[in-house]
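Line by line, the protein sequences are chains U and E. 1 is the number of the first residue of the first sequence in UniProt numbering; add one for each residue after it. 1 is the number of the first residue of the second sequence in UniProt numbering; add one for each residue after it.
Take these hints with a grain of salt, some might be off.
Restraint ranges, calculated between C-beta atoms of paired labels, are given here [claimed, not checked]:
hint	chain 1	residue 1	chain 2	residue 2	range
1	U	Ala274	E	Asp219	30 to 40 angstroms
2	U	Ala269	E	Ser210	38 to 48 angstroms
3	U	Ser229	E	Pro119	44 to 54 angstroms
4	U	Asn257	E	Ile365	45 to 55 angstroms
5	U	Thr134	E	Ser332	49 to 59 angstroms
6	E	Arg255	U	Asp12	28 to 38 angstroms
7	U	Ala268	E	Thr254	20 to 30 angstroms
8	U	Ala255	E	Pro119	35 to 45 angstroms
Since the hints were made in silico from the structure, they are not lab data. Don't be surprised by glycine CBs; every beta carbon is placed ideally from N, CA and C.
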Amino acid sequence: MFRDAPHFDVRDYLRKEMMPHFLCPGCGHGMALRALLWALHELKIDRDKLAVVSGIGCAGRLSAYIDANTFHTTHGRPLAYATGLALARPDLHVVVITGDGDCLAIGGNHLIHACRRNLKLTCLMLNNEIYGMTGGQVSPTTSETRLTTTTPHGNTEPNFDACALATAAGAGFVGREVTRHVPKMKELIKDGLQHPGFAFIEVLSDCTEVYGRKNDMGSSSEMVLRQKSEMRPSAYRDSVDEPFRSTDLPTGILARNHRPEYGAALRAAAAARAAK
Amino acid sequence: MNAIDRSHHKPAAKLLSGNAACAQGAIDAGCTFFAGYPITPSSEIAERLSSLLPKAGGVFIQMEDEIAAMAAVVGASMGGVKALTATSGPGFSLKQENIGYAAGAEIPCVIVNVMRGGPSTGMPTRPSQADIFQTRYGSHGDYPIIVLVPASAREIYDETLRAFDLAEICRTPVILLYDQVIAQSSETVALGGRPPAHATRKWASGPRESYKPYAAGDDLVPAMPRPGDGYRTHTTGLTHSESGFPSQDPETVTRNLGRLYAKLEKHRDLIDSYEAVRCEDAELVIVAIGISARAARRAVDACRAEGHKVGLFRPITLWPFPEIALREATKSAKTILVPELNIGQLRLEIERLLRDRRVEGLHLISGEPITPAQIAAAATKLATEV
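Isolated chain U, as found in the complex (with noise of 0.2 angstroms):
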């Protein structure tokens, strides 16, 4: 399937006990996950020094197939937890992989503290609109006018733009990918993952299941090609004045700054004063 590929077999890196996976049929996590260790393999990341920590959702579940030092937190704080984790052991590899409702709903606070701090960290976000676990609610991205279990009349709530918001708080990475461009992906989690600072990557996942059904989404393949033309993070886009707006999401890097890391600054400060 991936020709360009031939050295990176995704079963090496995953936890054979843990499978078959508890992912749905057309779940476009299991796409961000190969991207995400395709990366990690070509970086050639060392797993005894990777921790994978996630928080409480459909994304959350991904640590555990990871054979990596994977934390399953609590709901909303894995970035937080990640925070302590990265200031205690400077030589790990820290990675987060967190949902949008995870992300930016419970742990919005978390999030715009640590693009603001800028930390050492890689934040995977897997955005498919919905709380999938618990059945379909409605989320902070969930499209205006979309129906779900908790919006049955259609979702009246201005939705978030992520990438807009990481950049705002002073992210020193951001990018946005959809999960039917894999090598691409790939090639964006590579340069977070190198990134010396925050880095926050969106992935537009699909959740056929309990969204797409419930709007007439059609099949997996169908949302996903419709992705960058569908999903409209109203909040934000609204908030630009008309001419200037892009017809579809944009994708890519779309913000990079070399403000300084800061574990690096808190240790160089305390250097510092040791040296007084």
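With chain U fixed as given, assemble chain E onto it according to the hints.
What follows is chain E alone, placed relative to chain U:
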């Protein structure tokens, strides 16, 4: 400019507040990570450690909220370091979620709760002892926990050392619980009498293939995998099997939760701590903690001077409650008096443990500490009724 050279003079005693003694205790216990959030009356611990920890090669971070501070502490401990957070009632409420995680996933850590008046924002600068049950039952579900209740700045120092020891030995969160008066009063503290604690974590060793992160030996405390050592395990707040992976198998779930309780019971000789004063012949025993116990100590002497046979039982470990010691100390007592700064919490536990005795409370919820005179008056009244 000081004309007298005092550099050779190393005083044995320091004037320290309870919170300062806690910060010093954390450093001496080998704590290298603190995450917190500003809250009265515990902020001095964070302020001190923001200066002391970087000097000791550790990390201090002020997080975006109380929840994040607790999460960062658990995260740091999962990375292998001794970690601390400190808060007061409103913040302690917010920390419960991740305290439960630490209890369930067996992650050592220490949490200080400096009690102030409640409920809600309550009285930030006034003392209270109303978090007795929240420390025990604050997070959802069944889980055991260790709670220590020091009553002076010196004892806060000692119990901070012990809290880190117990957290590591038993692989559990440990809560240090004291009130605003002890936290913010400065007292003479003689340090150096006790060597710093050196309980170290039991790390996983041996073959990686057959390693099970939650398989415990005789002490019922599983060796912990250190990230980087090659064990590549999974840690979760879901109920899990010995492999660490999620499990809802009834027998597995029952056995693992049972072990959490049994492991603390197995270490009761290390955990239990109390002080019994003049209890041998006491007909009335006062049971109190923290600042109320210090007032009670003076009330005991006052009552004895009047000829009343009064003693004091002071738990230093609150949970699990040192019930064997309580029964021993109250053998000759017909009446128990429980003075406390709440509407009746410790009294409930004493009533539960001593059902055949008359248990009376002296409850003050005004935001003021109880005075020795108030306790002596209540004790004298009960003693003369007997």
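Here's how the hints hold up against the structure:
A hinted range of 30 to 40 angstroms for the beta carbons of Ala274(U) and Asp219(E) is consistent with their spacing of about 39 angstroms. Range check, Ala269(U) to Ser210(E): Cβ separation about 44 angstroms, and the 38 to 48 angstroms hint holds. Ser229(U) and Pro119(E) have their C-beta atoms about 51 angstroms apart, which keeps the hinted 44 to 54 angstroms range intact. A C-beta distance of roughly 53 angstroms is found between Asn257(U) and Ile365(E), which places it inside the suggested range of 45 to 55 angstroms.
Separation of Thr134(U) from Ser332(E) is about 58 angstroms and conforms to the stated range, judged on CB atoms against 49 to 59 angstroms. For Arg255(E) and Asp12(U), the Cβ-Cβ distance of about 33 angstroms falls inside the hinted range of 28 to 38 angstroms, so the restraint holds. For the pair Ala268(U) and Thr254(E), the beta carbons lie near 51 angstroms from each other, so the given range of 20 to 30 angstroms is not met. The hinted window of 35 to 45 angstroms between Ala255(U) and Pro119(E) holds, with their beta carbons roughly 44 angstroms apart.
Checked against the numbered hints given earlier, this structure breaks only hint 7.
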